[in-house]
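Asker: Note that the protein sequences, when read in sequence, are chains P and C. Letter by letter, the first sequence follows residues 1 to 460 in UniProt numbering. Letter by letter, the second sequence follows residues 1 to 614 in UniProt numbering.
Hints in this document: simulated from the structure, not taken from any laboratory. A few of these clues could be false.
[Unchecked claim] Examples of chain C residues toward chain P, derived with CB under 7 Å:
1) Val216
2) Ala225
3) Tyr231
4) Met255
5) Asp262
[Unchecked claim] Here are the simulated SDA-like cross-link-like pairs (lysine to any residue), alpha carbons at most 20 Å apart as the crow flies:
6) C:Lys207 with P:Asp155
7) C:Lys199 with P:Tyr159
8) C:Lys268 with P:Pro188
9) C:Lys201 with P:Gln179
10) P:Lys130 with C:Lys207
11) P:Lys69 with C:Met226
12) C:Lys286 with C:Val334
13) C:Lys246 with P:Val164
[What the hints assert, rightly or not] Computed far set for chain C versus chain P, every beta-carbon distance over 10 Å:
14) Pro79
15) Glu83
16) Glu146
17) Arg150
18) Asn166
19) Lys177
20) Lys350
21) Ser351
22) Glu380
23) Lys433
24) Glu447
25) Gln478
Computed from a predicted structure; not experimentally measured. Where is the CB? At the ideal position from N, CA and C, for every residue including glycine.
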Amino acid sequence: MNFSEVFKLSSLLCKFSPDGKYLASCVQYRLVVRDASTLQICQLYACLDQIQHIEWSADSLFILCALYKRGLVQVWSLEQPEWHCKIDEGSAGLVASCWSPDGRHILNTTEFHLRITVWSLCTKSVSYIKYPKACQQGITFTRDGRYLALAERRDCKDYVSILVCSDWQLLRHFDTDTQDLAGIEWAPNGCVLAAWDSCLEYKILLYSLDGRLLSTFCAYEWSLGIKSVAWSPSSQFLAVGSYDGKVRILNHVTWKMITEFGHPATINNPKIVVYKEAEKSPPLVLGRLAFPPPRAAAGPLSSTESEYEVASVPVSLQTLKPAADRANPRIGIGALAFSPDNCFLATRSDSVPTAVWIWDIQKLRLLAVLEQLSAVRCFQWDPRQARLAICTGGGKVYLWSPAGCVSVQVPGEGDFQVLSVCWHLSGDSLALLSKDHFCLCFLETEQGVGTAFGQRGDHM
Amino acid sequence: MGDWMTVTDPGLSSESKYISQYTSETKMSPSSLYSQQVLCSSIPLSKNVHSFFSAFCTEENIEQSISYLDQELTTFGFPSLYEESKGKETKRGLNIVAVLNCMNELLVLQRKNLLAQENVETQNLKLGSDMDHLQNCYAKLKEQLETSRREMIGLQERDRQLQCKNRNLHQLLKNEKDEVQKLQNIIASRATQYNHDMKRKEREYNKLKERLHQLVMNKKDKKIAMEVLNYVGRADGKRGSWRTGKTEARNEDEMYKILLNDYEYRQKQILMENAELKKVLQQMKKEMISLLSPQKQKPRERADDSTGTVISDIEEDAGELSRESTWDLSCETVREQLTNSIRKQWRILKSHVEKLDNQVSKVHLEGFNDEDVISRQDHEQETEKLELEIQQCKEMIKTQQQLLQQQLATACDDDTASLLRDCYLLEEKERLKEEWSLFKEQKKNFEKERRSFTEAAIRLGLERKAFEEERASWLKQQFLNMTTFDHQNSENVKLFSAFSGSSDWDNPTVHSRPRQKKPHGAPSGSPVCTSKLTKSLPASPSTSDFCQTRSCVSEYSSISVLNTTPEESKPNQVGRECTNQKWSVASRPDSQEGCCSGCSSTHADAHIEKDDLP
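With these hints in hand, go ahead and build the complete structure from the sequences.
Answerer: This is the structure:
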């Protein structure tokens, strides 16, 4: 595992281009585009103000930089550095901006969700979509980029509009039987749309592309409901995480529940591997203390090392006692993600913030639990294989694969607190983002190592 | 008390009758009056007589006494004491004989009376004790009654209390239920209220939004604009098309196409799965037929007509199977036929296996009770005993040897002493040798015996095994003979179940399928995608990928002049083999430092560029 040098970054804005060739990162008002493998700067753009959001177009030719404070979007072309585009939403304000899948249209959501403006880069046309709903996840495109589903709110009722992305024509418009629609998400095959109600009610509805209601599912009543939803990459399963600390998996044939994964705080089954991150004070071996001390040893390695230990069952995990009198209690399944091969599901229960549960989807049972020393910030699957990267806001990045677990200290001067991770398309490298720095971690294939050597040789 | 009175009354009355009788008698006889005076002091006449005269009869009143006695006796029915008078005026003479007779009679009477009295007394006593006993009994029973009554009252009280409690609990439950209902109502009402308010607010909000929208739009905001250097072409190279009804129709078409494609894909998958399952079913059926039919041969010869139906069915099926591939037609009749025949055969197989199981367990049970086992145990015990003896002997020999050596070691340098000891030792040695040889012989004998015993045990074991085999084969034979009838039975049962439509036959088949699938699936050479799940979920990624990257790390780090040695990376590779063992490659500082330094040199140019940045 190699680490690149540390680069500056602001607002955790660092993204690989969809084709994997480039890496865009932001430093204040500057947008830096680097070659993803060599990290040499390819382009450098300066925006008018602090960048708050960036997004690559699907064809990796353009980058959108949103400056919400100014109500501005600036678009840059990678091929033609001199090309520029500036979209000003004016007094309407701007709260969200995204590309349409064709990479030629930009969808801007104005303040108070007054409307969504669709700007075309090909023609001078502007179109508006009224009544978008202000919710968790109100816009979703199908994987193939043909259709856009949009949550709407009119006359105190929820609606979903399905639009054709090629000409922004309305294809279907239907009301959903929800109190307060919280989110919508297309299945990866683009034929089924999942819509779920706000946390006050456990309700998930499944609609076909043509607007037919396929099924509804409600696990329980009265208490807080759905917190997170994820489709499996094969569209076969829909995992629904809820406030009762359970993940329910629905199947795509009957849309009934196949199984229910509870997240108990104690693990008794000896078949489940519990990896426990344990602090390890660096061993003081006198013989190895060289004088003068090697450069790195003098550096930041003062932070305690840690390693994974396989804990013997029964293991009881650290649980947070949720404050019942506060809104948005720290309970329930806050995050869940399927591995790209459909074989595993990683979940995090917010009441056990230090643990990541990994479930075997083929056997429908718990496979492993990773207990970290601090709360898990985020986790992301390698897009190519069953490999999970986890960060906890500390100086380490953790990797899990069915073969085992590793924790890797990020080298470098000063504390590098990994707040977020971002995989490269190929799964060869991983961007580690801290508050104002980022670095790349190369999980080299042989070729990658070779190029790195070549580089090194050239410059020595 | 009244009860008791009535019970004892007859006795008392009879007693008093006796007494009264007695007293009336005593009036007649002054001689017996003495003894009876105490008892019957109430007789006024005799009392008077007694008080006035010391004796009843004196010299002066003989005549009167006699006449009195005569009178008395006659009144009691005795013959007169006087002779029969011939004339009225003549004084009658005393008849001595009559007097004597009377006296005798009186004496006899007296004796009788005494006897009776005695009897009565004893009876009285008896009755008294009886009464005492009864009284005791009564008291005891009364006590018992009292205690049981008390107990009863206690129990009743407890019952009452419990009932009370129960009632209270019921009340509480009801209250709770009411409370729950109330709370639910409250929640519901609050929810509706909340929704209502929300709606109101939302409406207001919408109004505001509308207004804001108008304001924003009406202002002719100059700022709302897009500045583009030049418009770019579409990604697909096409030009934007006008919105017409045609495009709408095209969109619809496309949508349905997508949906159709999805359904077709799914149908294809389901078909494939079905085909797979059918294959498995067919395979299963084939194997079942092959498994069951040879067993049928024998019974068939014996009881042809009785089992004919089943066998003919099977053969029919077999023929059908070999005939063609009707299986590909997923026509309903064929499907039904297939499932039915499989079910039938499965039932047969199941009953067969169950019976075999039963027999095996029976055999086991019997086997444990068999004599040969016990004898074998005996043998084992015996051999154990012998072994123990051998052990003891060995130990004895050892201690003797030790003693000998000690003696040898502590041999003093004194010549005479040594000499003495020598001779003594020689003697001792001789003896020991003798003993030694004896022991050896014994040991040999023991060994021999042991060997013979073990041999015997082995022989017995073999014999037993043979016997069991024989028995098993016999049982099997018998069972096979039996099964022919059982088949008939099962046939009947099955028919019955078919009529009654009970589902309990279906369940075993369902449950058994996975069990059956595996062994049959393997030889069929098609474990590829028996189910959709396994098919569309690729096999879990081989761990080697991960290992590879790991090994790359070690490789790289070792090349790039780092402290990591192959030994260091090796344990990791070994550890990776078994995930359950502890494996943590957590942050090896030395390798990372190396990486870091390597990287920093690698990206020296990047560094420069970075410096350009503020």
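Asker: Next, verify each hint and record whether it holds.
Answerer: These are the hints, each one checked on the structure:
1. Val216: holds, 5 Å
2. Ala225: holds, 6 Å
3. Tyr231: holds, 6 Å
4. Met255: holds, 6 Å
5. Asp262: For aspartate 262 (chain C), the interface hint holds, since the closest Cβ of chain P sits about 4 Å away, which is under 7 Å.
6. C:Lys207 with P:Asp155: The given pair, whose Cα atoms are some 10 Å apart, holds under the 20 Å limit.
7. C:Lys199 with P:Tyr159: With Cα atoms ~15 Å apart, lysine 199 (chain C) and tyrosine 159 (chain P) stay inside 20 Å; holds.
8. C:Lys268 with P:Pro188: Holds. Lysine 268 (chain C) to proline 188 (chain P) sits at ~19 Å (cutoff 20 Å).
9. C:Lys201 with P:Gln179: With a Cα-Cα distance of about 15 Å, the restraint between lysine 201 (chain C) and glutamine 179 (chain P) holds, given a limit of 20 Å.
10. P:Lys130 with C:Lys207: At roughly 14 Å apart (the allowed maximum being 20 Å), lysine 207 (chain C) and lysine 130 (chain P) satisfy the hint.
11. P:Lys69 with C:Met226: holds, 17 Å
12. C:Lys286 with C:Val334: At roughly 16 Å apart (the allowed maximum being 20 Å), valine 334 (chain C) and lysine 286 (chain C) satisfy the hint.
13. C:Lys246 with P:Val164: Holds, at about 14 Å.
14. Pro79: holds, 120 Å
15. Glu83: Fine: 130 Å to the nearest Cβ keeps glutamate 83 (chain C) off the interface.
16. Glu146: Fine: 60 Å to the nearest Cβ keeps glutamate 146 (chain C) off the interface.
17. Arg150: The assertion about arginine 150 (chain C) holds, with a minimum of 54 Å to chain P.
18. Asn166: The claim holds: asparagine 166 (chain C) sits with its nearest Cβ about 30 Å from chain P, beyond 10 Å.
19. Lys177: Per Cβ check, lysine 177 (chain C) is outside 10 Å of chain P; nearest 16 Å; holds.
20. Lys350: holds, 28 Å
21. Ser351: Correct as stated: the minimum Cβ-Cβ distance to chain P is 33 Å, above 10 Å.
22. Glu380: holds, 38 Å
23. Lys433: Nearest chain P Cβ is 61 Å from lysine 433 (chain C), so the label holds.
24. Glu447: holds, 48 Å
25. Gln478: It holds; glutamine 478 (chain C) is separated from chain P by about 44 Å at its closest Cβ, greater than 10 Å.
Checked against the numbered hints above, the structure violates none of them.
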